[in-house]
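From just these sequences and the hints, can you work out the full model?
Just remember that my numbering sits 69 ahead of the position in the sequence shown, which is counted from 1.
Among the clues, some could well be false.
As the list claims (entries may be wrong) - Below, computed lysine-lysine pairings styled on PhoX-like, alpha-carbon distance capped at 20 Å:
1) 335 - 239
2) 241 - 335
3) 151 - 418
4) 335 - 391
To be verified - Ranges between beta-carbon positions, derived for each pair:
5) 200 - 305: 49 to 55 Å
6) 410 - 95: 25 to 31 Å
7) 294 - 325: 20 to 26 Å
8) 328 - 207: 24 to 30 Å
Quick caveat, the hints were computed from the structure, so don't treat them as lab data. Cβ coordinates follow ideal geometry from the N, Cα and C atoms, glycine included.
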Amino acid sequence: MTKKRHAEIAGAGFAGLAAAAALGQRGWSVRVHEMNSELRAFGAGIFIWDNGLRVLNAIGAYLDVRNGAFAAPAYETRTDGKCLSFQAINGPGQYRLLTMTRQHLHAAMVKAALAAGAELVTSSEAVGATPEGELLLADGSRLPADIVLGCDGVRSRVRDSLAIPQERNKYKDGIIRVLTDRTGLKGGEWDHVIDFWAHSPRTLRILYTPSGENDLYMAMMAPVADTEASSIPINPAPWIECFPQLAPALTRLGDRGRYDVYETTKLPYWSVGRVAIVGDSAHAMPPTLAQGAGCAITNALGLAVALEETDTVEAALELWEKRERPLTDHTQRRAAEIAASRVLASGMKWDDEGLRAARHIPTGAAMPFVDAA
Numbered sequence: 070m071t072k073k074r075h076a077e078i079a080g081a082g083f084a085g086l087a088a089a090a091a092l093g094q095r096g097w098s099v100r101v102h103e104m105n106s107e108l109r110a111f112g113a114g115i116f117i118w119d120n121g122l123r124v125l126n127a128i129g130a131y132l133d134v135r136n137g138a139f140a141a142p143a144y145e146t147r148t149d150g151k152c153l154s155f156q157a158i159n160g161p162g163q164y165r166l167l168t169m170t171r172q173h174l175h176a177a178m179v180k181a182a183l184a185a186g187a188e189l190v191t192s193s194e195a196v197g198a199t200p201e202g203e204l205l206l207a208d209g210s211r212l213p214a215d216i217v218l219g220c221d222g223v224r225s226r227v228r229d230s231l232a233i234p235q236e237r238n239k240y241k242d243g244i245i246r247v248l249t250d251r252t253g254l255k256g257g258e259w260d261h262v263i264d265f266w267a268h269s270p271r272t273l274r275i276l277y278t279p280s281g282e283n284d285l286y287m288a289m290m291a292p293v294a295d296t297e298a299s300s301i302p303i304n305p306a307p308w309i310e311c312f313p314q315l316a317p318a319l320t321r322l323g324d325r326g327r328y329d330v331y332e333t334t335k336l337p338y339w340s341v342g343r344v345a346i347v348g349d350s351a352h353a354m355p356p357t358l359a360q361g362a363g364c365a366i367t368n369a370l371g372l373a374v375a376l377e378e379t380d381t382v383e384a385a386l387e388l389w390e391k392r393e394r395p396l397t398d399h400t401q402r403r404a405a406e407i408a409a410s411r412v413l414a415s416g417m418k419w420d421d422e423g424l425r426a427a428r429h430i431p432t433g434a435a436m437p438f439v440d441a442a
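This is the structure:
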């Protein structure tokens, strides 16, 4: 009997869980290490375009994600009170975009990983890896594997332990991500995703996003230099001054949220020996195209497919990066350009430059969607 190939994965975020499910489905034994004491996602909302939905379908998480997500009928941009772009979505022949809480998505992906046979270990902190294929833990353990995956986020210790050069860039804006409820903001236009911008009396942005029947996600962009608007706890005054129509939600935010500066991380290569760097660890990008998670889970599935198609881990890693990297690099570059220029204030650009990833059919995800009867 052929021995199962084994993977050790650092990080039980979206990239790690997608990789665990995809590898488990292909006969691998998989162990995922989460440094926190429980499996959870940061409490905000998230966008999943069609490419990400296809990946979720391929790993068996789509139905659980769809049930409880929100399918807005339109996406519009309003700048200084004027509608500059309007796009119908989620109808026949239209772009598909589901919005949801990050915890909803995370729970569905945990379920898919477990169903594929993955072992998920909490309070297990990865601190590095060796090119020979060992995951190193904070407790001194050295765990050998056929492949190690560093899916441990922007501050990846697995990546850094391998001394991979990094190109890091930060931008003039940052974002506060908060969840609240939709009380007073339901029905009609309030069921749309609305990108609110203000240039007077200051430049601020709120990406208003229904994320379930009762959940509202607001991505609140403020310049780093605007210490009043970027402060935590959130000071609602400057936000209400720019967006008075959102006062019902802004006045009940309390001390929720955190402020993160837009940034990118780019690596010259995504693997060293038997270690692959996946997701934000490899290609963190500003959230301006809502493709951070989409690219992460696309590349996780693509890696599992490459390992299935080749005879050695080294060959698989070479094929994987050659096949998946061009689209990821394009998406990261375009997201960074948008972050630097604030061009979205002029209206959502529904073109190939912005939505190439959204229209992409990921490697291993071409099968029809499995919808409930």
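Hints versus structure:
A threshold of 20 Å between alpha carbons decides the hint, and for residue 335 with residue 239 the separation of about 12 Å falls inside it, so the pair holds. The hinted pair formed by residue 241 and residue 335 meets the criterion: a straight-line CA distance of about 18 Å does not exceed 20 Å. Simply put, residue 151 and residue 418 have alpha-carbon atoms about 16 Å apart, close enough for the 20 Å limit, and the pair holds. A distance of roughly 15 Å separates the Cα atoms of residue 335 and residue 391; the hinted pair therefore holds under the 20 Å criterion.
Separation of residue 200 from residue 305 is about 50 Å and conforms to the stated range, judged on CB atoms against 49 to 55 Å. For the hinted restraint 25 to 31 Å between residue 410 and residue 95, the CB-CB distance of approximately 41 Å leaves it violated. At about 23 Å, the beta-carbon gap between residue 294 and residue 325 stays in the expected band of 20 to 26 Å. The beta-carbon spacing between residue 328 and residue 207, approximately 28 Å, falls within the hinted interval of 24 to 30 Å.
The structure fails hint 6 only (numbered hints given earlier).
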